[in-house]
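Note that the protein sequences, when read in sequence, are chains A and D. Numbering (this note's numbering) for the first sequence: 1 to 97. Numbering (this note's numbering) for the second sequence: 1 to 473.
Hints listed in this document are in silico derivations from the structure and should not be mistaken for laboratory results. There's no promise every hint is true.
Among the chain D residues that face chain A by a calculated CB cut under 7 Å, a handful are [said to hold, decoys possible]:
1. I4
2. D8
3. A11
4. G14
5. P26
6. V88
Beta carbons are placed, not taken as given, at the ideal position from N, Cα and C, and that holds for glycine.
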Amino acid sequence: MTYSESEIINLFLVLVLSPMLAVGLRELRFPGKVWSEIGFSAIALGLVVTVLEGFVFPDALNLVEHACYAAGGICGAVGAYLLAKDARRAYRGAERP
Amino acid sequence: MSPIAVFDILAFLGFGAALFFGFRVPAHAPGIGRLAKYTYIGAVAIFLLNGASNVLEYTGVTTQFDAYGDYAKVLFVPLVLWSTFSRVNAERLLAAQRAEAAEREESELLTSILETSPAGVIVADVNGSVSFANQFGSQILAEALPGQLDLAGIVRGTPTAHRRVPVGMQDSLRYLAVRCKSLHPAEGSASRAVLVLSDVTDRVIREHEIEEYRHGLEREIDHRTSELMEANRQLQDASDARQDFLARMSHELKTPLNSIIGFSEIMLKGLSGPLTEDQRAQLGMVHSSGTHLLELVNDVLEISRIEAGYSPVSIARVNVCARMGDLVASMAVLAREKDIDLACRCEGATNAATDPDKLDQIVRNLVSNAIKFTDPGGRVDVTVEQEQDSAVVTVADTGIGIAEEDQERIYSAFQQVEPGNRARREGTGLGLTICRELCDSLGCTLSLESRPGEGSAFTVRIPRQFPGDLVIL
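Could you build the full structure based on these sequences and the hints that come with them?
Shown next as structure tokens:
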């Protein structure tokens, strides 16, 4: 049974702040939103699993944790790419007289 | 390489790409914001550095970040949350700016419309206080003399009332059409209404002109009507006098004539004693002249009655074929006396709506004329045919015929046409005149085809349906 304080804080923050984040995201409409949501969810799951691995299935859950971060990074990259593309186009459009 | 190492490399590359694209997001793009951009970059950077330290571990390099990475991760969720709400605020700000711009644009559009409108627009309350007036509305308010434009009265009146109000000095008076639309009052404020004022001065002036013109026309019509009534009365008096004259003449002329004819017949029959040959011959001339004179009087009276409109028409369904057969039979003696072959030919059933007595009179006159102007040994044929909309009666003879240039003249009163210098035939010269008048009154047409020396053919077309308004008996 090994876990650190930061992992417990992260778990707490994920559980408390994620619903607030979901509320905030409901008001936003932007390209890549689904990718960004999946990426955040994967990272949040990774943070939860980080705590869980100290209690059960340490090896398997450690693998899941790293897989979640990998998925979070890739999905976040796709989401950021789509957002950047749209935002640059909108920015150029806004600059045009 | 272990799966964990693969995942760590993928995570490192993914967060690296996310960081790269995060930097490429313009902070001033609509709905983004500097704060949202950099908090996002910060959140991604935490995981990128964490991933980088993991990857470096596989190469045997241990970084300081690895020791603090787990603590740094604590900032990830708050930073993402911060970034998201920064964007929400930016979006709200953007929406508010857009709404404000749209409202400003709409307001400018409305102002432009109101200021350039040829109609005056005034917003006033029940106390007559003006809260808005466009350019033309202000001009009207300035021109209106006290009491001319009762705004309070108009606002209190019917909500959709239309009225015309004169405004201005007498020499520059202008008329305004006022439309009023009530506004829903805000709580605690007086009732207000929008008044739309249109300048209808030209229209009012034209309406006055038209009204004056109409009155003038009505006066003229009244004047003319009274003149016509007077003329009509005079005509009626004249007509009555004429009718009275005809009645008197009918009695005053026909009574002695009938006496002359009757007594001459008695004397010719020897009822009043024997006559010498000379007396018989002279008495015969008296009888013949009297008969002729009676015919003349009858014809003159008849044509006078027709022309004066005292010859009423009685319409009935007539079997023209049967009627003409009877008529021809009754005139057979007259034809035989002149050695003329008189025949009637009918083709099928022929019906028409007409006055049977007047039709008899027309055809009798035509047959009588045909006999009169046909030499002994000749023929007179009466033919009745049915056409689509009319019954056609033709009276054809083998008589002297009528030259084309005389064919219209024969319908004039007291006209007879004789080829060469032949003596006039017996008759008044009124028969065809009467025929044409009767045809006109019955809606029939009378036409003639004739060539001198070859005979004449008079054709009467009787419409199957009487063209007038009379009821068919």
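Status of the hints after comparison with the structure:
Nearest Cβ of chain A to the Cβ of I4 of chain D: about 5 Å, under the 7 Å cut. The hint holds. Interface restraint check: D8 of chain D against chain A, minimum CB-CB distance 6 Å, threshold 7 Å, status holds. Among the interface hints, the one on A11 of chain D holds; its C-beta lies about 4 Å from the nearest C-beta in chain A, closer than the 7 Å criterion. Hint status for G14 of chain D relative to chain A: holds, with the closest Cβ pair at about 2 Å, below 7 Å.
With its C-beta approaching chain A no nearer than about 4 Å, P26 of chain D sits inside the 7 Å limit, and its interface hint holds. With 7 Å as the threshold, the beta carbon of V88 of chain D comes within range of chain A, its nearest partner Cβ sitting at about 5 Å, so the hint holds.
Comparing the model with each numbered hint stated earlier shows that all of them hold.
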